Amino acid sequence: MSTVLATLDENTVAEPVLETALRCGQLFGSDVGALHVCRHPGVPHATMASLAERSGVPLRVVSGPVVATLLESLAGPEIVTGVLGARARGEGRDPVGHVAAQILERIAKPVVIVPPDRNVPGRIRRLLVPLEGTEASSRPVTEWLLPRIEEDVELVVVHAFTGVTRPGMLDRPEYDWSLLGDEFLARHFPGATHVELASGPAARRITEASISCQADLVVMSWAQDTSEGRAKTLRAVLRTSSLPVLLLPRTPAEASGPPVAHSVT
Amino acid sequence: MIGEEVVDLLDGEARVVERLPPLVHNADGPSAASGPLARQGQAAAARFAADWLAALGVTGGLVLVVGGDFGNAGGAPGASTYLMVDELARAVFVSLGTEQAGLPPSVVKLGGGQTRLVELLEEQLAHREQRRVPSVDLDPAWVVPLSNAHSHERVCEALATLGNGAAALRGAREEDGPGTVPMFLVNGIYAADGHLLPAPVWTDLDVRNRRSRRVEHRWLDLRTGVLLRLANDETALRTVRFVSVAARHAMALRAEGSPGAIGPGHTPGPSAPEIPLVEQTLGDGTDLARTGTDAPVAVAFRDEVVEGEDRHVVERLAAWAACPDGPVDPEQADERLTEIRHRGFDRLLAEHRAAWAKRWADAEVTIEGDRRSELAARFAVFHLLSAATDTGEAAVGARGLTGEAYNGHVFWDADVFVLPAVAAIRPSAARAMLEYRLRRLPAARALARQRGQIGARFPWESAGDGTDVTPRFVRGRQHQIVPITTGLHEEHIVADVAWAADHYARWTGDAAFLHGPGRDLVVETARYWAGRVRLNRDGRGHIYGAEGPDEYHEVVDDNAYTNVMARWNLRRGADLLAGSEDLDGEADEWRALADTLVDGWDPSRGLYEQFAGYFDLEPLLVAQVAPPPMVADVLLGARRVAGSQIIKQVDTMLLHHLVPNEVIPGSLEAGIAFYEPRTAHGSSLSPAISASLLARAGQPDRALELFRLAAFIDLDDLTGTTAGGLHLAAMGGLWQALAWGFLGMAAEGDTLAICPRLPAAWSSLSLRCVFRGRSIRVRAQHDRVSVDCSDDLLVRIGQGRPRRCGPPGLTAPLEELSLEGARS
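Chains H and S, in that order, give the protein sequences. Just so we're aligned: 7 in our numbering is position 7 of the first sequence, and the numbers increase by one with no gaps anywhere. Just so we're aligned: 692 in our numbering is position 692 of the second sequence, and the numbers increase by one with no gaps anywhere.
One chain only, chain S, in its complex shape (with noise of 0.2 angstroms):
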């Protein structure tokens, strides 16, 4: 900022992008003013750039403040000294004045006045010319430092991608090789085996003289979506990399060092030495590399580099094109490079930032008194968001473009556990989720008819073309034939698609979705339950012969989860039929058919038994055995835990989760007091949904320890198999868990209904997202609760009466709160 105007240095010359709004000065100019209310005006002046600059992903320590004044003056503190508000903590706060006394200790003297100023401005520009890496701003609060540990080293891959939803890169060095497993991988470009299909790895370079990595720091910055990397050795190697959010196919990487210690590297490849690599080199440089048998995905680079006496920098461009279905046209990636070049390193990396700020401004998590779960939150909404593209359809696979884990294949995990969210804080990511389903609709149709069934039967687990790639057998210590029963029996996906249609239009409002494209992923689901459930002479429907989520006891007769959730399938699906004359009936039908359907509801006990005769197993309680989370197959047997009460995660529990008014109410406090102990936790889609649960029962403290377990799986590699990739569906859980649990957030037709449960180490939890096109905030203290919104809102907090919140929102002290009688 100059004076009153904001200056771009981007493209090497200043250009004026902004004013500043008329602030408050006297009828002198605020050269002239010293008064209050000119302090004022320089601590708002300081705040609307801050908050300008905010919104375009430079915050704090990405910003120097040049200031004349910040010395005590009389006894005062120096006028520029109220430039220094909390909004831009951690810049650098320069004087270029003739301070006599008392500067702030966090205050560079430089002075040189006018003349300095311009220097200090034709060094940045210097900066960009020379194409320095940029510096990233090492907030606490929004980067994750990556370990340097050998042992580490493929988990910290996993946790460090940096993706866009449309493609995703691991963060292996850029001169890793054996032992390391870097990965570029693209959306929806799967191998003839159903295996994700890893593309050209673009980020080879040729390090050397690197001694060791102990002197080395990796940063994965949350807020803005780069990988930062110094070397604090003789290489001075610096490196700064991301993948663009603003421009689907860009990706960028800049890497300094002293001469001699970095050039650019030339072999681009997947990690599997298999997977068939075609290079070639075009006449002005640009390198073209193709992967698989059918060349599906293509990935175009070109380095610049600059050596200058003391530094040479490699700065690297690249874009990628794709094709699922057969050989990509590599000139389409060569044409995108084209372009991103011309819009060059500095401006890709600005607009990516501005995109980040913006995709944060719909997700933010913030939760004062507990730092590192914020942080943990903020990791998993930064992949929750890096999960799935917004245009056309998104494959989620349960370890997304994280790794290649479970090949890329996608589960209910998408379905229940991250859709939830993504609709939430990127609603148009969503839709594309579905979009997904939608187009595999009619593998499903044929699955079901495969199976004798009519109707949509969604499979266990699936790839590009939709059909069942879920594996039926696997190969014990014995290498004797280990039957999979997920992929015949594990049904409940078949409903849990249709809820996840569902609970997509109630939230985000999108009713033409579900009246429209996505009615069919409702009523081809429910028409398969109507094929499949069976009418027994009580007159009583079951469900014989499937697996619900808890995978310790496989094959069982009205698994209440999927019983449940096909009965509301059938419901839900009438719904949608109802208006169409000729097909009224069967609505009537399914209407008259979930009605009959046994639901494990034991009056006696107050409780739902999870399967027919699960109430009569060894009554074993986790407890008994060891401190969860615990893999108990794998501690007691399989057949053991089979015979007994331990259960692998919430099964029956989910639907108090996810179909609340399925359940009866009040019924949620007794399923907690029995189930809970006999959950095993070992799943990573389990202690999340748990600590949802508890905070809506009451229980805010315990569901904190299950709320830090579900955190920090990743972080921690709690299943010590990140290293394959991150637990997408424990991170959309995680944010469920704070949206519903915490918050006490649901959607009740058009309004948005708050009750907070905040544990005792949480001074306030706040959440931004969008809730039916409005972008909303939600901050629950322990004694108000307060929304803004950007349009008009209907709230309802508590047990109270709906009420309309307009901009810029409303605050309700606890004692307005009635909280009784929480949801169950």
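Chain H extracted, bound-state conformation (with noise of 0.2 angstroms):
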């Protein structure tokens, strides 16, 4: 049995956090609970108890230390995945907010990050899938999410070309175009439905094919580094995409890897 955990706050947030762990419940064949987390003992808004009842889903109530106590509870065996809500769309280095934030950091499983101005579909039908053209961003979209998908949702990849990735030619557009794309799938995401591949700032190419594509969700994954620097796509798709955004953390040995240099012989 797997559960989709989620973690409801008082605010506004917690009907879509909800929705959105209803909804990839579906999407993983899994159960859905609902936490929350009271600094001190006491009894649930009464909002929150009518939104998990409304929603047939049971809410446990714990108290302790919010971070430790939603990590605790995340890291529990049957726990597949954590949803957690965005409080804000800051336009600091938390995004998410600063509980999220250190959930983020330092959970070792996925996670789905909820903006607050979320809008759920009625199923999640189309993931949007942004890889880096590295072993070490798609190896936990191959290994973790495939194997829990219906073979029915669209993956659809998109790339932004880095200075490994970018070609230095390309004779005929009109059939390189698909040749890269091609290629590009079979090396890093051989289930994809379909990759789009454009030039120019990740977070802003992700955003764009989100909407072009009708996504549900964003998949990406990311190596928990959030030193200076570091995770810029993943801080600017978190702060201004509209739709879930499912994290996947990379094992530091994946997070480590070079990139798949084109060198053959």
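Hints may be right or wrong, so weigh each one.
Unchecked claim - Covered stretches of chain H, as calculated for chain S (at least 3 residues, CB under 8 angstroms):
#1 170-176
#2 180-186
#3 231-243
As the list claims (entries may be wrong) - Some chain S residues close to chain H (C-beta under 10 angstroms, calculated; not the full set):
#4 His152
#5 Glu153
#6 Arg154
#7 His217
#8 Ala398
#9 Phe411
#10 Val474
#11 Met630
#12 Pro677
#13 His681
Hints were generated in silico from the structure; no laboratory data involved. All values reported here derive from a predicted model rather than from experimental measurement. In this text, a Cβ means the ideal position worked out from N, Cα and C, and glycines have one as well.
Two independent chains are provided; combine them into the complex using the hints.
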């Protein structure tokens, strides 16, 4: 048995968080549970309780320090992924809010971040998967995500060229874009339905692609490195995306792996 | 060799096939000889044998040299050490004598004398009886090691394609499935939708117990055209395969492994599941498979399985048959297989090796001082030699038969880039390439009429029937329609086809072609331009709305490349009409029209303007954006690039390469100085041509940088699309850079002009090719040039006078060269 755990707080994000958790439960074939952490023992906010009851989701209320308690609950072996609300669209280093940021940095399993203005779809049918063109970025997607979803879920990859992946030559764009895309998928995500290749700022291309392909969920892997200058694209996506973002942590070994070089011989 | 006789063991019995010429030995015979003359005789015999074997494709690593006295005797090296000549480097040296001391470290001491010799020969025969996988000479100058990285799987399949021009097999592993693209393609066999039709893949084997490919090695042997695979694990898997260049329809695969590790797989089929496949097994165990709606191609194959105690062997021989116009008779493939089986694997391999040796005898490239570039150049020549058949017609697509990219369509790549190289290293294949164009003249005439023109208008892309198969649009990122302009506007291909026909005739001396069947390729294309050029009131001829090779500026007026090639085409067509009484008037009109054509020459700048208005564009340089090669339209956006002077590839400068007599003398250097900083080399066709021009302009070291870029386009997958097939035009350009650039070779009537410009990093460059029916070898060093030729030849070195060069050839020291005023 596996469970998608919605972490609810007393704010306006609670409803989309719970709705997104329900959709993720459908996506992964998992049960859905809800959790509310109070700093002090007490009863949950009435709205939150009725929200959970209305959705048929069992709500567990625990007390303790918020981050530590959430981490402990999410670490449960039955929890397949946690769903957290982004408190605000801050411009600072933590666009998802202080608590969510701490969870993301320390948790060893996937987490879905739900933006505050999220419109929840009836069902998650199309995932947008931005990939860097490295084994480290692709592996969590192919190894964690693919086995958990049904075949009819569309997987659209978007890749913004980097200095390593940008081709030096394009003889006949009418043919070569398709060749490049096919080869990109063969190397990095053979299970995907389609790839969009682009140049320019990665975050902007991801946001554009999420709109053009009408995605329901963005899936990104990351190295959980929040030091200065790292995870810029992820931060920008979390800041601007109107879609929930599923974050897949890379193992340390994966995160430090070198990009796939072009040299053959 | 036994004594003075060469003994063939191929058919399982000893058969004398050659006698060595009399060598230096005294009256008592060679066995009694021990003096200097006898030693020289030993070395000469070894060299003779090595050369004789090399002509059969059997080189050092495949040779076992047996002697009796390699060790020091009385302070002097043993007589057998004189067998250790350079030509037999990598050979296995074995001593059967009673060596006392001083055995060279590379010699294996076996002892046992003649008894052991017989045992050794019997072991070789036993290897054949057991059908062991034969060895390959892993000479680093001739083998391309293939990566095992998963990410490069499909790239390596393309790199390791084996072909004979008529058919080709990608280098996928025998058990490969999803994520790979095993493919067998036959030249000229297209599906109804104009795509190359994948033929039945016949190499599938059941390979078991492979835990990791990391312990595996694969090599493409360029010298003999075989693909070798070795696994250093408990499977002891070893496979070798080839597509015969000696027997057009023959193919073979032999695999061995520990018991249980391999077995015949029986799932032939095209890589694409939507391609119809019909399979049947005949009564004698032969498998027969056909693909395509009309089943135009069939493959028959049959296995022989040898199950020994410690090793199993699967030997598969295969034959193909094809009929471009409809269903193939599958019995044809079966009959060919019967014939191939009669010859047997070992003989097929021997003939295949010998045929490759013969090919390389007229195509070898040697670059001393730069082994990496040498291997890359040989890799290019290998695939050029594999790209076109030398009988009938050869449709050489942009990626040849090395993948499905570009659907196997034929572009100007074939005419301007591939053909000149092939004309020099395998003239018959170049003739077959022209035959492809000739047989599509009716379609080209029809296309001209369809577009309201006269003459012949070859399409930008063609496939089986010669009609225009250029896509008209592509879907953009927002699923919007993006028009493709090349099919309607990149008309220079009309003149490119004519140029290829003329170049072939000039290089090979096949005048009968140009004045016979090939004449219409030049005349009908000239006629097209005669109708296409618009005469303005000022009396000048213009070509409006054309697209040059630089596709960043799509539809322009008076593209210099198009106009000058059209001018050349008109003039050459007029030459060929000369003497035809009824057409003399037309010829005069063409000449007059050619003289009016605007060519973009700007005397005030000393430059050709790429097209009308080009000099007014934003004077952006490539270095201001990114180092080349770069895809400028991706980096900056198509609109920005179109408004700038950045160009995708050599355009105007290509005129200096193809028709140097049509451009203003002395304009090469200024043209390079202006256009090179504006050239993004965002096309694989570009860097090799720039390298050639730079070398001719006296800048060989800069040329070398671009040469190396071109050389590794596929080996390093610089475009990210090599998985779809190899860039044959870049390979053809690479050969041209060597021949026309660094060696400065050119056909001047009957005379071969040579004007070498070597980069400092190269101590010598040597090319073998065929010029006007003569096998030649041109070798340039920094201080001299030498020319070997099979027959009398006129050679002009530098700016000197033509001189007669008879066999074996001539050497001219540097001081005799007058290199001033390189051709421009």
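Each hint tested on the structure:
1. Interface restraint, the stretch 170-176 of chain H with chain S: holds (7 residues with C-beta to C-beta distance below 8 angstroms; minimum three).
2. For the stretch 180-186 of chain H, the stated coverage by chain S is satisfied: 5 residues place a CB nearer than 8 angstroms to a CB of that chain, which reaches the threshold of 3.
3. Note: the stretch 231-243 of chain H has 0 residues with beta-carbon separation from chain S under 8 angstroms; the three-residue rule is not met and the coverage is violated.
4. Using the Cβ-Cβ criterion of 10 angstroms, the hint placing His152 of chain S at the interface with chain H is satisfied: the shortest such distance is roughly 5 angstroms.
5. Hint on Glu153 of chain S holds. Least Cβ distance to chain H is approximately 8 angstroms, under the 10 angstroms limit.
6. Interface hint at Arg154 of chain S: satisfied, since its Cβ lies 6 angstroms from the closest Cβ of chain H, which is below the 10 angstroms cut-off.
7. Taking 10 angstroms as the C-beta cut-off, the interface hint given for His217 of chain S is violated, the closest approach to chain H being about 13 angstroms.
8. At its closest, the beta carbon of Ala398 of chain S sits 7 angstroms from a beta carbon of chain H; the interface hint therefore holds under the 10 angstroms criterion.
9. Interface hint status for Phe411 of chain S: upheld, as the beta-carbon distance to the closest one in chain H is roughly 8 angstroms, under 10 angstroms.
10. Because the smallest distance between the Cβ of Val474 of chain S and any Cβ of chain H comes to about 4 angstroms, under 10 angstroms, the interface hint for this residue holds.
11. With a cut of 10 angstroms, the hint placing Met630 of chain S at the interface with chain H holds, because the nearest CB-to-CB distance is about 6 angstroms.
12. A hinted interface residue such as Pro677 of chain S counts as satisfied when its beta carbon comes closer than 10 angstroms to some beta carbon of chain H; here the least separation is about 17 angstroms, so the hint is violated.
13. Against a cut-off of 10 angstroms between C-beta atoms, the interface hint on His681 of chain S holds, since the closest Cβ of chain H lies about 7 angstroms away.
Violation of the numbered hints given earlier is confined to hints 3, 7, 12; the remaining hints are satisfied by the structure.
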